[in-house]
Amino acid sequence: KNQVEQSPQSLIILEGKNCTLQCNYTVSPFSNLRWYKQDTGRGPVSLTIMTFSENTKSNGRYTATLDADTKQSSLHITASQLSDSASYICVVSTSTSGTYKYIFGTGTRLKVLA
Amino acid sequence: EPEVTQTPSHQVTQMGQEVILRCVPISNHLYFYWYRQILGQKVEFLVSFYNNEISEKSEIFDDQFSVERPDGSNFTLKIRSTKLEDSAMYFCASRPGGLQFFGPGTRLTVL
Chain A
105 KNQVEQSPQS LIILEGKNCT LQCNYTVSPF SNLRWYKQDT GRGPVSLTIM TFSENTKSNG
165 RYTATLDADT KQSSLHITAS QLSDSASYIC VVSTSTSGTY KYIFGTGTRL KVLA
Chain B
576 EPEVTQTPSH QVTQMGQEVI LRCVPISNHL YFYWYRQILG QKVEFLVSFY NNEISEKSEI
636 FDDQFSVERP DGSNFTLKIR STKLEDSAMY FCASRPGGLQ FFGPGTRLTV L
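For the record, the sequence lines run as chains A and B. Residue 105 is where the first sequence starts when you use the working numbering, and the numbers rise one by one after that. Residue 576 is where the second sequence starts when you use the working numbering, and the numbers rise one by one after that.
Looking at chain B on its own, in the form it has when it is part of the complex (with noise of 0.2 Å):
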């Protein structure tokens, strides 16, 4: 069964340092999602795109936030300089059309 793949499943990275998390979301998806769970927390909307740009994106997701489908297969998001609260899971997610589906989440340690 087709799923979703994150990469790396945890990143360690010091404060203020620029970190890329990978998803190859399923292959005929047209919708790709990204969010966040802060520990203990809810999980949290960040941003959403389709055909090739950002169609919503969320308070959290500022400048120092970016989004890049580099190569039609993976999905990345981009951290520029990491605070201490941007450590979190980070779940990428896709659709065909109605029925999301998440990836396992890269763990993202910021110290």
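Isolated chain A, as found in the complex (with noise of 0.2 Å):
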């Protein structure tokens, strides 16, 4: 079964902390996977994409690994701001006879604190 897990399911850090978020996937066959920031009632914001071939991919303070051995990923946080604070979401798109499907991960609710 496609599935998509996160941890932790939540995350209290000071601001001016590093964090990182985890996402371990069984989705197959594998297209791409992707971070989003979802604010509390707005539409997920997307961070990074991150295709089979990509180990690694930044965004500003965000980076993101992929390993597709394992099929895990991680979303790092450098400096945390308290705008930061929000719900990361992990999403694994798969293909199959050219319709895509997106597998959405529970999130990991980051608070940062002053």
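The set of hints was computed from the structure by calculation and includes no laboratory data. This structure is a prediction, so every number in the text was calculated from the model and none was measured. Check the hints yourself; a few may be wrong.
DSS-like cross-link-like pairs, simulated, lysine-lysine; straight-line CA separation at most 25 Å [stated by the list, open to error]:
#1 K105(A) with K632(B)
#2 K632(B) with K205(A)
#3 K653(B) with K205(A)
#4 K653(B) with K105(A)
#5 K175(A) with K205(A)
#6 K205(A) with K161(A)
#7 K617(B) with K205(A)
From these two lone chains plus the hints, build me the complex, please.
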């Protein structure tokens, strides 16, 4: 069964600290993996998208890694800010016969405190 | 910067009523999606739409749901007879090729 699991479920850190969020997936065939940031009551906003051949991709203070062999990804946030408080969602896409399907993780709820 | 827009932002309806949620995707995008997110739960795929027809739908997307692109710009989700469990945020998304762009969502409350 295609699944995306994220950990931790929630995380509280102090402003300025770094953190790493984890994503494990069992989606097959794999097409790509995306990390989204979702503020409460808003739509998800894309942070990164990674294909099978990419190991690392950065977007400002966000760095995503992908290990396609172990089917794991991580999102590292450097020097956290209060505005980083949000849910971070890992989404893995799969494609069969040209049709894409997007499998969403349950998200990690991050709270950054002053 | 172009963005996906959705209206209304909040819709309150009585159980059994029909609702239409509206989305205006980014103009040069070809693929369109509806998702829902029940409060406190993860985002769930409902349906994808390409070339004026449904390309894929989930088990959630039963006969009570339908989608249309009536005028080449709007993309609508209709729920024929709403149930209490339809209360959720409904997100529209579109993409030109790879990256999906999400709208801000419509919060549907069924009483």
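Hint consistency between K617(B) and K205(A) [alpha-carbon to alpha-carbon, up to 25 Å]: Holds, at roughly 15 Å.
Tell me if the straight-line CA distance from K632(B) to K205(A) falls inside 25 Å. 9 Å, holds
Take the C-alpha atoms of K105(A) and K632(B), compute the straight-line distance between them, and say whether it is at most 25 Å. Judged against 25 Å, a Cα distance of about 17 Å means the pair holds.
Can the restraint linking K205(A) and K161(A) be considered satisfied, given a maximum Cα separation of 25 Å? Distance of about 22 Å is within 25 Å: holds.
Are K175(A) and K205(A) close enough, with their CA atoms no more than 25 Å apart? Roughly 17 Å between the alpha carbons, so the hint for K175(A) and K205(A) holds.
Compare the distance between the alpha carbons of K653(B) and K105(A) with 25 Å, and conclude whether the hinted pair is satisfied. Given that 25 Å is the threshold and the Cα spacing comes to 29 Å, the pair is violated.
Holds or violated: are the alpha carbons of K653(B) and K205(A) at most 25 Å from each other? Cα-Cα ~21 Å, so holds.
In this structure, only the earlier hint numbered 4 is contradicted, and the remaining ones agree with it.
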